[in-house]
Amino acid sequence: MIVAEQKPFEDIYSYAKRHRRVLLLGCGTCVTVCMAGGEKEVGILASLVRLAARERNDDITVDEHTITRQCDAEFFDETTARKAADAEAVISMGCGVGVQFCAQRFPDKIVYPALNTKFYGATIEQGVWAERCAGCGECVLADFGGICPVARCSKSLLNGPCGGSQDGRCEVDPERVECAWQLIYERMEAMGRLEELEKIQPFKDWSQHRDGGPRTITREEVRL
Amino acid sequence: MNTTMLKAGSRLERILRSGRPVVTAELGPPKSADTDLIRRKAGYLRGVVDAANITDNQTAIVRMSSIGAALIAMQEGLEPVIQITCRDRNRLAVQSDVLGAYALGIRNVLCLTGDHQKFGNHPAAKNVFDMDSIQLVAMLRAMRDEKVFACGDEIRNSKKAPVVEPRMFIGAAANPFGDPFPFRVARLAKKVNAGADFIQTQCIYDMKRFRQWMQQVCDRGLHERVYILAGITPLKSLRMAEHMRDNVAGLTVPEEIIERLRGAENAAEEGERIAVEQIQELLQIPGVHGVHIMAIESEHIVPDLLKKAGLLPRPVVADPLHDAVTSGPEMLRDSVSGVAENRNRAAQPVG
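Protein sequences appear in the order of chains A and B.
When we follow my numbering, the leftmost residue of the first sequence carries the number 185, and every step to the right adds one.
When we follow my numbering, the leftmost residue of the second sequence carries the number 212, and every step to the right adds one.
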C-alpha cells in the first residue's frame, strides 16, 4: 500500500484558517489501512480543527466526508460533489494521488494535502510501517531472494553491502533500518544460492524508474 | 599481473609492478578555494609517498573537487589518485570527469560507493547512486580496455576521429570489517572481476580479523590478481580511538589498543608507535603489497611515521607524470617539468 502520515497539525490548521468553510475528505483505501487518512482520522482531525478554531476565535466550519478511493473517479459521487461545492476549500486526507484527483475533480476549489505521502510499504507491526518497494519499474527481486536492494539499501546497491553494515543494521539509521544486504545474504545462504550473489549486476536501467519522466501504462486490450 | 604492457603507466602502477612495497597516503582537499593548504599538505607527502589519494567530498562534507585539488598536488610533485564516489554523480558526470582528469594528466582513480549524505553537512541533499562502486570499476575498465562509454559508443569525436580513451589505473576499496563478514571477500572478488587493479582497505586495527580476511583473499587467489594496500590511520588520542570504536560502522578497535593509549604518557606518540608496528606487521602478511596511510587532517606526521617504519626513501621510477602530460596544455607541462626536478631532488634513488 501507499503509506502516508499526517502533516503537523499547525500546518493543516494554517490551511484551514484561510477559509470559513472547509471539507475534510478522507480516503478508504491505503491511508485507512496505515491509519493516516481514513474515516476515523477524518473525524479526529475535524474535531481538533474545530476545537482549535473555538479556542483561537477563528471562524472555520469543518465538514467531514470519506470516500472509498480518492484515486478513482467512480467514487467521487454526487454527495461528494455537493459537499465540495458547499465548501470554500478541500483538505484531502488521501495520498498525493488522491490530492491531485481532488484538484482535478473540483477545479474551482483550492485543494490542500493533509498528509505527507511517504512510500510503498507494509505494516511491520501494529503502528509500524516500513518501505518495501521503490517502484523502480523493472523488478529485480528474483535475483535477491525476495528482498529489494533498491528500496531497502540506503544506497540502492546492487552488488553487495557497503562498509556501513554492522550487526545487521544500516549505519544510516541503525535503530530503525536493517541492512538489506545482510538480509539478502542470510536468505540466499539459507537457500544455498550464495553463488548467485557473486554475479556482477550491471547498471540498472533507471529510465524505467521516474528518471525516465512521469510514467504511464496503456493496455489496449482493457481500454473501453 | 605479469603482462608486459602497463595499463595506465602511472608511477603507482610501475612501483607496484616492481614488487616493492608501495606507500600511498590520503590528502584531504580544503573546505574552501584555498590552495595553500593543498600545497602545504603536498609538501609533507612529496618524496615520501608513491601516490596521494585526493578524497572526493569525504564523509559527505563539501570540499574542493578531487580533480581540482589533484592538479595542484601534481604541480607540487605528487602523483594523485583521484577518488570518485557514486553519491554525487551519475554515469554521465563520472565519465565526463574521467575524460577531463585524464586530459590533465591524472592516471589513478579510486572507485568508491561514497558515504551517505546523512553524515555530512548537506543531509537534505538528494543522492545519486546511479551505479555502485563495482559498476563504476567496470565502467572505467571498459573505457580503458574496450574504449567505449557505458552506453557502448566508442570514445572518439566522430567516426573519422581517432579513439582517445582515458587509460586509468583503477582502484577500489575493501572493508574487511563490515558485515556480513563471509561476503566481504566475495565482494572483493567482484571488484577484481569488474577490473580493479589495486585495492586500498579500510583502516585496520583488528589485525586478527584482517589476517582472517587476507587468508580468504589468498585462498581465492585474489592476491595474485590485484594489488592490496592495507589501510592505516594513526590514532591521535584515546578519544579518537573510542570514537572510531563506538561511532564508525564497519570498524573495530581492539581493547588492547585502547588500553595502550589509556596507559600512555603521550597518546599521540603511542598512536604513532602502534601505527609503525601495524605497518611492519601488515607488510609481512602474504598478499599485502603496500600500505595506505589515512592520517585524517594530520598529513604532517606521515614522513616521520614512514621513516620509523623503515619505508623511506621511496623508489624512483621513470617519470610517468612528465610523460603523461607532454601532450597536455603548455602551462601544465611547464609546471610539471619544474616539479619533476624538485621531486628528483627530494627522493633518493634506489638500486
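Hints were generated in silico from the structure; no laboratory data involved.
There could be a bad hint or two in this list.
Simulated crosslink set (DSSO-like; lysine-lysine; CA at most 30 Å straight-line) [stated by the list, open to error]: (1) B/Lys419 x A/Lys302; (2) A/Lys383 x B/Lys419; (3) A/Lys302 x A/Lys267; (4) B/Lys419 x A/Lys191; (5) B/Lys371 x A/Lys383; (6) A/Lys224 x A/Lys201; (7) A/Lys224 x A/Lys191.
Derived Cβ-Cβ restraints for the label pairs, each shown as a range [as the list claims (entries may be wrong)]: (8) A/Val406 x B/Glu435: 54 to 60 Å; (9) A/Gly319 x B/Leu217: 54 to 60 Å; (10) B/Leu217 x A/Ala374: 43 to 49 Å; (11) A/Val312 x B/Arg484: 45 to 51 Å; (12) A/Glu322 x B/Arg431: 28 to 34 Å.
Note that the coordinates shown come from a computational prediction; the quantities given were computed from them, not determined experimentally.
Built from N, CA and C at the ideal position, the CB exists for glycine as well.
Structure-based check of each hint:
| no. | hint | in the structure |
| --- | --- | --- |
| 1 | B/Lys419 x A/Lys302 | violated, 44 Å |
| 2 | A/Lys383 x B/Lys419 | holds, 29 Å |
| 3 | A/Lys302 x A/Lys267 | holds, 28 Å |
| 4 | B/Lys419 x A/Lys191 | violated, 50 Å |
| 5 | B/Lys371 x A/Lys383 | violated, 37 Å |
| 6 | A/Lys224 x A/Lys201 | holds, 22 Å |
| 7 | A/Lys224 x A/Lys191 | holds, 16 Å |
| 8 | A/Val406 x B/Glu435: 54 to 60 Å | holds, 58 Å |
| 9 | A/Gly319 x B/Leu217: 54 to 60 Å | violated, 46 Å |
| 10 | B/Leu217 x A/Ala374: 43 to 49 Å | holds, 45 Å |
| 11 | A/Val312 x B/Arg484: 45 to 51 Å | holds, 49 Å |
| 12 | A/Glu322 x B/Arg431: 28 to 34 Å | holds, 32 Å |
Checked against the numbered hints given earlier, the structure breaks hints 1, 4, 5 and 9 and satisfies all the rest.
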